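Student: The lines below spell out each chain.
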Amino acid sequence: MAEQYKLIHPSKYYRDYLNVNIRPDGREFDKLRPNAINVGSITTADGSAIVKVGNTNVVCGIRAELAKPKASTPDQGFLVPTIELTPLCSPKYRTGSSNEDAELYSAALNDILINADCLDLKKLCIYKEKLVWCLYCDISCLDHDGCVIDASLIAVIAALRNLKLPKVSYDAEIEKISVDTSIRESIEVKSSPVSTTLMVFDDNVIITDPTAEEESLSSCILTIAVCNGEVCYILKPGGTPFNSEQMDLCIKRALAREKSVLKLLNNVLK
Amino acid sequence: MSAVLVPGEAVSEIEEVAKTKKVVLGPGLRRTNDSVLACKAGVLCKKAPNMFWIDSYQRRYVPVRGECVLGVVTQKAGDIFRVDIGAHEQACLSYLAFEGATKKNRPDIQLGDLLYARLVVASRDLEPELVCVNSHGKKEKLGVLNDGFVFNCSINLVRKILNKNCPLLQALQREMPFEVAVGMNGRIWIKAKTMRETIAVGNAILATEFVSNDDIRKLCENIGNILFT
Amino acid sequence: MGSDTGDDAYSDIHLRALNCEVNPLTRSDGSAMLTQGETAVIASVYGPVEVKTQNLQIENATLDVCYRPKTGLPTITDRSRENVIKRICETAILTALHPRTSIVVVIQELENRSGLEACAVNAVCLALLNGGIAMKFTVAGVHSILKENDEIVLDPDSKESINALAHFTFVFDSLQRNVVAVNTQGKFNMAQYNDALTICRAASGKIFEFYREIISKRPV
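Those protein sequences? They're chains Y, V and P, same order as listed. Reading the first sequence from the start, the letters are residues 1 to 270 in the numbering used here. Reading the second sequence from the start, the letters are residues 1 to 229 in the numbering used here. Reading the third sequence from the start, the letters are residues 1 to 220 in the numbering used here.
Next up, chain Y with everything else stripped away, as it sits in the complex:
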């Protein structure tokens, strides 16, 4: 019966669980799903990571290319995160057509990386006005079970910390680029932001780290990124209006998550 009940009245089914202070997957409201990180698994990429947040599974590969800097920022390289959501990860996406969710997630990820000041883009400069590194962070979502931004952010940070760039020298006089792949150096990742996605059910219950099923029932989804105890990104695009206490609670939950994720990251990248 439970299956049919869930199918016919998804909200009511969910509400029944929440009334006894538990979620259908056995978590409490503020409990996170287990995370797993694996770095360097894609050998063809310059840096890579696979991250699991519960069932959500994303792969990030960093492809480093040499590029000419923009005239407005002649001594800065580029960091370009792109999230790809294919029908592989969720039936709600279709092949081919441009995907709004993917665009929005990529924009959010880019904002977080800039706000948290993760990389000194000047360090990606090889020769001013002539040659810089362009780091394409391609993130592919294999399984979408909610909180793709959170998983993607962990994956990008892990991949950046795993990244090893070959030695490149540039001779300005003869405009010659010489790449020495035998020497590879990692780059300095200045900070590791951690984001947390929360949702609101029935305008009053705040739930951390929702699954895709929970996200579809939500009345509001917000994402908060923190970095060294400071908030570096809040995006609440409409939905249930929040009073100050609710917002504080969300920020506190986001701050609490940072430590555990960083510990895991440091362990893996040791």
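Hints are computed from structural coordinates only; laboratory data are not their basis. Note that the coordinates shown come from a computational prediction; the quantities given were computed from them, not determined experimentally. A couple of the hints might just be wrong.
Think about it this way: if two alpha-carbon atoms lie no more than 20 Å apart in a straight line, the pair counts; the simulated DMTMM-like pairs of lysine to aspartate or glutamate are [stated by the list, open to error]:
| id | chain 1 | residue 1 | chain 2 | residue 2 |
| --- | --- | --- | --- | --- |
| 1 | P | Lys136 | V | Asp55 |
| 2 | Y | Lys164 | Y | Asp143 |
| 3 | P | Lys86 | Y | Glu100 |
| 4 | P | Lys217 | V | Glu9 |
| 5 | P | Lys52 | Y | Asp117 |
| 6 | Y | Lys259 | Y | Asp117 |
| 7 | P | Lys52 | V | Asp147 |
Some, not all, of what chain Y presents toward chain P, calculated at C-beta under 8 Å [to be verified]:
| id | residue |
| --- | --- |
| 8 | Ser106 |
| 9 | Cys232 |
| 10 | Tyr233 |
| 11 | Leu235 |
| 12 | Lys236 |
| 13 | Pro241 |
| 14 | Glu245 |
| 15 | Met247 |
| 16 | Leu249 |
| 17 | Ile251 |
All C-beta atoms in this analysis are idealised placements derived from N, C-alpha and C, irrespective of residue type, glycine included.
Please build the complex by placing chains V and P on the supplied structure of chain Y, with the hints as guidance.
Tutor: The following block gives chains V and P in isolation, referenced to the frame of chain Y:
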């Protein structure tokens, strides 16, 4: 003038009245639990003893049962005509909904014809349906409108000129003879003797949107003086 | 139609001058051109109109929001603005009143001298009010920045916002002044966030008053 309301505001005046008797909430007002909230911006109006509504500015028509509208026939589909009345959906009109129409004796309606019809079904969940007869099967003033001139205006203007206290149509009548059909969907059809007069009537109607009743009379006299001197 | 005169309760709150032209577009169902200081946005609303079958919702009106930048094609930033405004409208509009229809909101950026998102939200709200769309509440967007020494500057112009450490854009509802939407840039701590929130919340009152002023000036 009564209070200006903004969406989300509680209307305590109505709540007071509701304590002692039943109240009727019109457009722009809604009830949640024990409070009455405004959901449109405008002026609170009251018709004694217990009717309330908000007079708000609107250009888009939302069908309401029983209202007379002007529509254009856009499609003939089997037994029904599709009529554009300016709402979110085309209204349907059965060919039997005309005076004297039978299965054999179909009314002569062409695509592009202008109709003055009454809404008999207008619910947010159903397709709006029109008829061109009253409940006794008589056509009265409904039906196809020939010749003349149609123009669009805001819904407020229509309400204003149809208001009993509005002197516009009477004042205009005094100046020249003309026919007029006012649709609650913000469309007005007029027919006068000459093109000059038609345009004068049309402009007079459009000009009354933001004019007080006294000025309307003056305006009509002016038009008469200009036209016939 | 300027509103630079605050009453006593808000006398220490200074927003840039608000100016609004009601229904500047003759063909749309409701429109508003709003300038806040030198930032200018024009918003227009159609609705409820016919919905595309693919976007049809059985129980609610579908919202279709389109944000047009000043020049060129919409960028990813514009898409996220569009998304935020869409979600805000979904929260504010009583979409259940017009099922199987669509409400189209078009926003044209005219000039961005900081505080663009807030100005766009306010312009959309005014357009919805002018279009006679039924809403649960009105919304007001307020922009502020964080400067050195924990100083919060409310609704700065483009010159003031050059050295900002962080930007905050809050959108409040008119009922409890709760936060409908937030968007931030830059790093800040909770105390700074709460300072900005308090100042912006107080300032939202001025915007709600401005809405009322605009509506009462409109002849009905």
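Student: Which hints, by number, does the structure contradict?
Tutor: Numbers 2, 5, 7, 14, 16 - these are the hints that the structure violates, sorted from lowest upward.
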